[in-house]
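Same order as they appear, the protein sequences are chains A and B.
Counting from 1, one number per residue, gives the positions in the first sequence under our numbering.
Counting from 1, one number per residue, gives the positions in the second sequence under our numbering.
These are computed hints drawn from the structure, not numbers from a lab.
Do not take every clue at face value.
Identical copies go unnamed one by one, so any copy, or any two together, can satisfy a pair.
[As the list claims (entries may be wrong)] Derived pair list, reagent style DSS-like, types lysine-lysine, alpha-carbon separation capped at 25 angstroms:
hint, residue 1, residue 2
1, Lys741, Lys778
2, Lys214, Lys157
3, Lys520, Lys648
4, Lys410, Lys542
2 protein chains.
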Amino acid sequence: MVKGVYDELLKDKPKNHFTVGINDDVTHTSLDIDHDFKVKRSTINCMFYGLGSDGTVGANKNSIKIIGQTTDNFVQGYFVYDSKKAGAQTISHLRFGPEPIYSTYLIDKADFIASHQFNFIEKYNMIADLKQGGTFLLNSPYSKEEIWNKLPKKMQKGIIKKEANFYIIDATKVAQEANLGKRTNTVLQTCFFAISGILPKDEAIQKIKDAIVKSYSHKGEKVVQMNFNAVDASLANLEKVDYPKEITSDKKLKSAMTNAPEGFVKEVLEVILSGKGDELPVSAFPVDGTFPMGTTQYEKSGIADTIPIWDDIDLCTQCNKCVAICPHAAIRAKVVAKDELYQAPLTLKSVSAKGRPFEKNDVYVLQVSPEDCTGCDLCVEICPAESKEIENFKAINMHRKLDHDVVENKNWDYFVELPNYDRTELTITNVKGAQFLDPLFEFSGACSGCGETPYIKLLTQLYGDSIIIANATGCSSIYGGNLPTTPYKTNEFGRGPAWANSLFEDNAEFGLGIQLALTKKQEIAINLLKSLELLVGSELVKTILDNPEKTEAEKKQKFADIDKLKDTLAIIDNNEDANKLNQLTEYLRKKAVWVLGGDGWAYDIGYGGVDHVLASGENINILVMDTEVYSNTGGQTSKATPLGASAKFAIAGKRTPKKNLALQAVSYGNVYVAQIAMGAKDIQTQKAIQEAAEYDGPSLIVAYSHCGEHGYDLKHGVTQQRKAVETGYWPLFRFDPTKPKGKKFRLDSKAPAAPLEDFMYNETRFTRVVKENAELGKELLEQAQEQVDIKWERLELFRGM
Amino acid sequence: MVKGVYDELLKDKPKNHFTVGINDDVTHTSLDIDHDFKVKRSTINCMFYGLGSDGTVGANKNSIKIIGQTTDNFVQGYFVYDSKKAGAQTISHLRFGPEPIYSTYLIDKADFIASHQFNFIEKYNMIADLKQGGTFLLNSPYSKEEIWNKLPKKMQKGIIKKEANFYIIDATKVAQEANLGKRTNTVLQTCFFAISGILPKDEAIQKIKDAIVKSYSHKGEKVVQMNFNAVDASLANLEKVDYPKEITSDKKLKSAMTNAPEGFVKEVLEVILSGKGDELPVSAFPVDGTFPMGTTQYEKSGIADTIPIWDDIDLCTQCNKCVAICPHAAIRAKVVAKDELYQAPLTLKSVSAKGRPFEKNDVYVLQVSPEDCTGCDLCVEICPAESKEIENFKAINMHRKLDHDVVENKNWDYFVELPNYDRTELTITNVKGAQFLDPLFEFSGACSGCGETPYIKLLTQLYGDSIIIANATGCSSIYGGNLPTTPYKTNEFGRGPAWANSLFEDNAEFGLGIQLALTKKQEIAINLLKSLELLVGSELVKTILDNPEKTEAEKKQKFADIDKLKDTLAIIDNNEDANKLNQLTEYLRKKAVWVLGGDGWAYDIGYGGVDHVLASGENINILVMDTEVYSNTGGQTSKATPLGASAKFAIAGKRTPKKNLALQAVSYGNVYVAQIAMGAKDIQTQKAIQEAAEYDGPSLIVAYSHCGEHGYDLKHGVTQQRKAVETGYWPLFRFDPTKPKGKKFRLDSKAPAAPLEDFMYNETRFTRVVKENAELGKELLEQAQEQVDIKWERLELFRGM
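Next up, chain A with everything else stripped away, as it sits in the complex (with noise of 0.2 angstroms):
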């Protein structure tokens, strides 16, 4: 979508025509709203901010329980968010108070208000929307004494109109020290009753021990333990600051975007994403829904507690395997000119660029952008290049991003202006010469460690100015097209790939049907082309047909082609075939259709579609993101979901065995066919997405994509492919029709190395079964290594294909 159309749009609306309610002023039939009615309360009211999976609903839901259950107040929670994944912004509303509570608005005047999240201090102005003597809770890395220096202007000015009660606790070191890890909602619950002496304090304490061992029994003794300590150290933790009664700071609150364009993006996105959306006008959407794309860029959420730092550039092999496992897009490469470099700050690292093509003044530069980082530490997992001489030291390390931020930001400025190195030059057979290619899927809104999306920004970087996504309703929808801004982007020649999502149950129906009509206009293009071939010149026509774009360097002089030809076509004057043909010229070009989704489609809802499209003989590719349950409605049971696996609708543990998807799709012969796991052989799926590309008929590639339904901490999510992949539960294979006889189906991993419960007993979906009963557990067990034992059998057998 072109910019100067929403300038357009907005051109004659008053700079600031955002009002409170729904503004209609299209259609004028909404009621202004009077401002100045107001209810009697008697209710407490409370706001805590927090983050998508950070635990502050979780504990609000606690919370309303023990003071329900526990006091003779009536409660009431609500909590607001949106469909992004984990790591978005969360605000619970918390009301209680003797009479019945029939508010069935927000919280606009609360007594208390909580940040979970240090940084939200610079994004929102949670002090507005507090009472007269009301208390504020922060979460905050700084002691007492600092913190009053590091609030933004206008928040020290609301604490002091306010005359607030201000508390800090640095909840994130408190549970660190717990061994909670990231999980900091226990710290806060307990602050949040120490300080509003709802209940007697020791009492408040004792319920929400008796609530962490409801909530957490079933995660094991040791996570209950953990909790408990942090509770008490909490409470040592928890200290009121006597802030001046003077403004000390000029720090103005963050935008909600970095750097937005005017216009659209700042007048409309920007004011969304900010949490103000309610406050535009119908006008200032577009009236037929299009949103401009690659606008995460401007997001900049800057979630992240760590960020990996390119600690040693000699240390580092250059190898970019941190660059293709990163879910965001955060932390990438490139090779340049040492000329290029000769503006750039001097904190910005680079090395001796190694290996082909590059030649003797090439540097290397590895950089990441602190701001969209969000700290899941994928990236130093799978760094290979370890010090032999310093323990636990990497080419890159995490560090606070506190740190280290101002500098990493400049640095990440400069290098994306950085140019890329040319397509036609790198390999790009191989992981490391595939990871200097542009990603044309960034900084999504997915959650902290995903680990799906890599294999999505892959495929960007491969094929992004030459696809057409169909993707299926899940987790890939939300972070791959979630309003107000979007993770798709073009490349340097304004090319990217079309994106679109129809429903779950029908997208590869939905994708069967964009390639049907691809087809048809790639068919009429050609013909319209060969019919101007007097106009046109012989030549040109030859060269754009016969060009086979496998290359990168056939695909430039295709562009290329088509530029010239489009520069002919101009001038050819009343010609209806060359005007038709002009615009058409798009379709001359070899594109492919790539069907997106995640198990809950593939192999359940949408699975009548996805074998029709296989059984279909259409050039059409399949991309299953296998995260092995409904992840994105909060992990139900899905075909993909292993024997002995505890998720909703089977939360004792799945009797059934996993759906053999990709082997259902081995039977029909002419269907080209992977099972690929990144985190465990980047390389292996690499070439199956590239032979799947390849491949003239339909493919099916099944991706084992770690989640955080899976119950760990996603940094692991490498080392788990990597046993999966060698305990036999996940074998790696390409089944390829155009083999011969005997060499068709390739099995790309080793029979099972380990026991099964290597890779199982390392993940809560499968310890919680354990947990409940040790019996079943083991019985459980005992099948599933069955299966794989079976599994394995047969791929042996399929090695005869």
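Assemble chain B onto chain A, guided by the hints.
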């Protein structure tokens, strides 16, 4: 549904409460019809009575084209038929004339009426709709001298009163002599043009021949020439009847049903069946839509021209293969004590019963029901008892029905009253033994020669008293539950299959829901029984709960024990649990859900659900009757359609291979899977059904079903099934998860012993492709052969499982 309910419903109605038009005597919102209303008509009106698939409708469509394109007349056609399969009545209404036709209603005064089926004269008073001086054309096996006395009295009266021009032709004979088999349409169309004088005779004949070329050229030149010959022979055989002006017959019109019981069946079902359903008042229909079952037995549609006669009782091996293959359960075998025949008609044949468990005095009786037989010939084709002395003579042979019906109908009436052999004594694990079991699915509206119904019939013979059928929409839902009559029935103890049809797309899910409800009800019943142990008696409880119901004897015992339980429960007063259990005793029995449907459902539209059921691990059975095409809607391609076959949406030949549904299911590992073809190996079919029923988990049976859509006379269905197996096109196999490793996958047919064309080129669906494009045909045959080879290679690998 108890018959009494209908009697109750109808008891206050006057005996003849039917009027013309909708008579809503419940809400009283219908409008009366003005029977005196007439419109001026300048059109010629013609009515043609035919049977579905006899070509009458097609011939009329040709006539419309001829009249519309070659004369100045306007022309209109409308074809009345219901959802029944081939073999049901059709009435073609044809109007033409010099003025535009706006008549949006059926013809009620015809200038021309033709009866393309001789036996219709006994069923429909067709003359009632004839104008004064109109023309009546009858397809008659009798000569112009004989015919008058064969007519019913009402028809003679009508012909005389209307001063009708009465023509006859023995179209059946002419068609047979012209090698057109049963296709009489060309003959009768020629007569219509010859008599009606719409066009000069020579011109009309030429037009018919042109139309023949257009309609049949894709079926080959031979078919065209045969139709040409038929045209010429038609003119030679058409005769005008010079009838006496006096009534010589006292024959009455047959009622639409034979021996219909009084009450609802007679007063409602028979009226609907006679074509007068429109005259029923709204109050005649049951409020809840429930219709009585087992009512096809009253239809006696008598559409066969030839029927099988048990010519040689000594040549007969008593193998019961004829009984098994009969699609309509119209030929049956019983073994009874000789004494049972003491009042039998002298014409009823019997012979000493061979084999176990029969005793010296037991006799074997094989009997056809002439009025239920459709004359498909399958029984004779499959009969292995061929005379060594007489050529083309078997134990049973097809004969003109006319010569045998009086005698055989009497025989049948006696035969049906003979007792069934005790199930517990029979060896029902072989075909012969199982075919002595009472079919609880009989005389359905399936096409003559249907390849699907024998499977359903067998299922009801084996398990009819304990199964619940979830039926997908398609042929099997139409012939399985087509109002007003139903082919499913109860046995002598009042037990039979429960049957329901939901939608096309959700049948597997529908069946799964029934299964889950069944399991729950069984659980409740068992718990109630256990809780009532003190009142009911420990021994009875134990006997009921411990009975595995594996053998027929155990089943019988269970029925008896439940009867005993009911008696006991009846005398327990004021016990809520006893009351509850009394309503649930049925669920103390073993019952099974069978999910039935065709390939359009199982491979395509309902496949998502089929897969879901297979993955569920539930004890549920799926039977797919695979005709390899959407048969019910007229032959659209499905994913079961083989490579190289012509089907709608793939007229030029399907380019993708048939989906391997069975092997997809095998990929689960815990699903019992069988691929069967009764015509090729009936014992394997029976074993598969019995193993599926016994397997405690999901089962899938894919059953080859020959079909009229394949394009050949279905009397060769059995031969084609054999060829399908011999050429490797349709491998027979069973995958049984309970068997030890290396024995799970059993190949029940031998490796291909003949080239694929031996099978394919007997069917128009394949030869049509060759005819249209020989080169493509050859290519597709080669590809299909390659598919067979690949399939076999893989099956050989599977033997290792």
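Each hint, compared with the structure:
{"no.": "1", "hint": "Lys741 <-> Lys778", "in the structure": "between (41 angstroms within a copy, 23 angstroms between copies)"}
{"no.": "2", "hint": "Lys214 <-> Lys157", "in the structure": "neither (42 angstroms within a copy, 91 angstroms between copies)"}
{"no.": "3", "hint": "Lys520 <-> Lys648", "in the structure": "between (44 angstroms within a copy, 21 angstroms between copies)"}
{"no.": "4", "hint": "Lys410 <-> Lys542", "in the structure": "neither (49 angstroms within a copy, 82 angstroms between copies)"}
Going down the numbered hints, you'll see the structure goes against 2, 4, while the others check out.
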